[in-house]
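*Asks:* Chains as they are written, first to last, in this note's numbering: chain H, 5 to 221; chain S, 567 to 762; chain U, 3 to 210.
If you are wondering where the hints come from, they were derived from the structure by calculation, not from laboratory data.
It is possible that part of the hints are untrue.
Claimed, not checked - Covered stretches of chain S (in silico footprint by chain H; criterion: 3 or more residues with CB under 8 Å from a CB of chain H, positions within the stretch not fixed):
| no. | stretch |
| --- | --- |
| 1 | 611-618 |
| 2 | 641-648 |
| 3 | 748-754 |
For each residue, glycine too, the CB sits at the ideal point set by N, CA and C.
These are the residues of each chain, in order.
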Amino acid sequence: MADRQQPGCLSCGVKGLCGGRGLLTLKDGAWTNNPLAVQVLGICSALAVTNRLESSLVMGAALIFVCVGSNLFVSLLRKRTPHRIRMITEVAIIATFVILFDQFLKAFYWDMSKQLGPYVGLIITNCIIMGRAEAFALQNPPILSIVDGVANGLGYAVALAIIGFFRELLGAGEVLGYAVLGSGWYTPNQLMILAPGAFFVFGVVIAIFNALKGPDT
Amino acid sequence: MSETSALVILIAAIFTNNILLTNFLGMCSFIACSGQIRTAVGLGTAVTFVMTATTILNFAIYHFILIPLGLDHLTFIVFIAVIAAFVQFVEMFVERFSPKLYFALGIFLPLITVNCAILGASLFMVIRNYTFVQSAGFGFGAGLGWAVAIILMAGLRQKMAYSNIPQPFQGVPIAMIVTCVLAMAFMGFAGMVSIQ
Amino acid sequence: MKGNLYTLSYAAILGTVCALLLTAASSFTAPYRAANAEAEEILNILTALKVSFQADASPEQLVEIFNTNVRRRSRGGQTLYEYCPPDAEGKTQAAAVRFSGPGLWGPINGFLALEPDMRTIRGVTFYEQEETPGLGGEIASVWFRRQFEGKRIADETGKIGIIIKPGGKASTINEVDAITGATMTCDKVEVILNEVINKIVEERNKDG
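Based on the sequences and whatever the hints tell you, model everything.
*Replies:* Dropping the structure here:
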């Protein structure tokens with residue numbers, strides 16, 4: 005058989021580590037099937053915590069951490085997990101990682117923990133993580149599952165950051181707490197920080213993403 | 567908050583603090599199932615039922631088991647286990663005793679387990695330190711609020727199906743923008759409920 | 003049967019491992035979390051009392067500043083946090099009292115600090131509230147709290163109580179502006195603050 009390597013797999017340098025699908029998985033998770041813009045999952049947190057850029061970034065980091073961790077362990081256990089309790093296994097693993105993140109957040113980044121509130125716990129029900137565990141990690145080897153976790157987490161985190169950036173900029177004239185739009189001429193549109201602003205910016209961001217990506221062939 | 571009556575909490579949970587339009591919970595199924603009014607009504611009913619029951623159940627478990635035993639760091643995991651178990655139980659029960667109801671409602675039940683609104687309602691109950699009666703009122707009101715939001719959305723989307731929407735906005739983006747307007751409208755309810 | 007046994011033992015082992023891991027993480031982080039909670043409370047007391055401290059002070063530093071500068075005193079059921087910096091020869095610069103009460107969506111807790119005359123407000127902080135973000139939640143914002151500084155706890159005629167006035171018409175020495183769209187929260191806050199103010203006045207009158 006001729007060279008079966010997928011284009012661009014030389015990125016990790018080790019042949020066969022991802023079965024040649026590393027870069028493809030990365031691109032798929034982060035762009036082609038972006039969890040937020042394409043799969044439209046994990047919206048609850050995306051709307052709730054994006055009123056500030058900082059909390060968006062922390063939530064993005066949380067998601068990468070949990071997605072990678074859960075994908076890794078679900079993949080490691082995939083051959084041993086009885087089919088009947090596979091959902092409960094996934095939930096247990098996901099919940100464990102979420103609680104770990106929550107505990108360490110409370111210990112070392114207290115202010116952010118208060119800002120994020122119940123939405124850290126709600127990562128457990130975040131459809132992205134469960135979806136990746138079910139659709140990918142259960143059928144794929146661990147290293148590739150990690151890549152998938154990173155890809156989806158990253159795709160989500162970047163989308164969150166974009167939404168958070170605009171909401172904070174328009175809603176408070178600030179970026180990461182630093183005043184950018186001078187209060188002299190710009191009156192912050194407080195609606196951007198509230199619920200309606202979240203829905204609106206989210207809708208517009210997805211529309212722009214769709215326009216950039218082009219119609220599905 | 568012990569002075570706020572359960573009825574006020576219920577009404578507020580539907581209008582001024584709608585769990586979907588204010589707290590953004592339960593969005594995934596909201597987007598997926600708000601295409602048709604009939605589907606929306608079915609899902610809304612199921613969610614209301616499960617939310618009320620699990621909020622009450624989780625209240626009991628939290629206050630009578632987790633706290634006394636100092637296990638409150640396991641709250642998330644226990645709550646979601648309770649919700650999953652309850653939904654599974656309801657599914658079995660409905661399938662056995664009312665095949666007709668199962669046919670109408672059954673497909674929604676697995677969707678409900680991952681509905682963040684259900685877990686969210688339990689978590690809010692803990693954060694806000696509700697009493698038993700307040701928790702029941704809140705669970706029921708939050709469920710109703712979610713149902714009201716999704717049914718409204720379904721009605722709007724059914725009408726929108728005849729509109730000429732630019733391609734990038736079709737589907738989710740325009741649904742979100744419509745939800746934005748809906749959320750703004752609900753914000754107008756603030757101040758409607760007065761507390762004596 | 004063998005399948006069921008495997009399933010059960012798998013579930014049991016998974017459950018145990020998760021619970022153990024979480025309990026370990028919980029005990030490891032417990033002292034940090036407790037320190038953070040204590041530091042937050044202290045931060046609020048210091049802010050209300052206008053004690054100066056670095057914005058990025060660590061919890062330990064805050065505790066230290068608190069211990070050197072603030073003195074706890076019990077007076078008739080109320081705990082007063084008195085600001086007595088070491089270089090002020092024991093004279094109280096300000097006193098803060100905790101207040102607590104039901105808000106619209108959850109408890110509202112905070113500290114009210116008064117000048118030594120026990121009539122003028124030095125500052126107020128809200129360290130716990132669950133009000134609607136952007137509306138009632140604005141009570142924790144700087145602009146709302148800053149209004150209280152310099153206001154008195156009684157009006158010109160001597161009637162005790164502060165008033166949170168809607169409509170942006172706050173004018174007298176004991177009035178502040180309410181938050182637009184958060185009438186209920188502001189009403190609750192007014193009740194809670196006046197409750198603690200009444201107690202303070204009671205104690206003050208007892209002292210003569």
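*Asks:* Name the hints, by number, that the structure is in violation of.
*Replies:* 1
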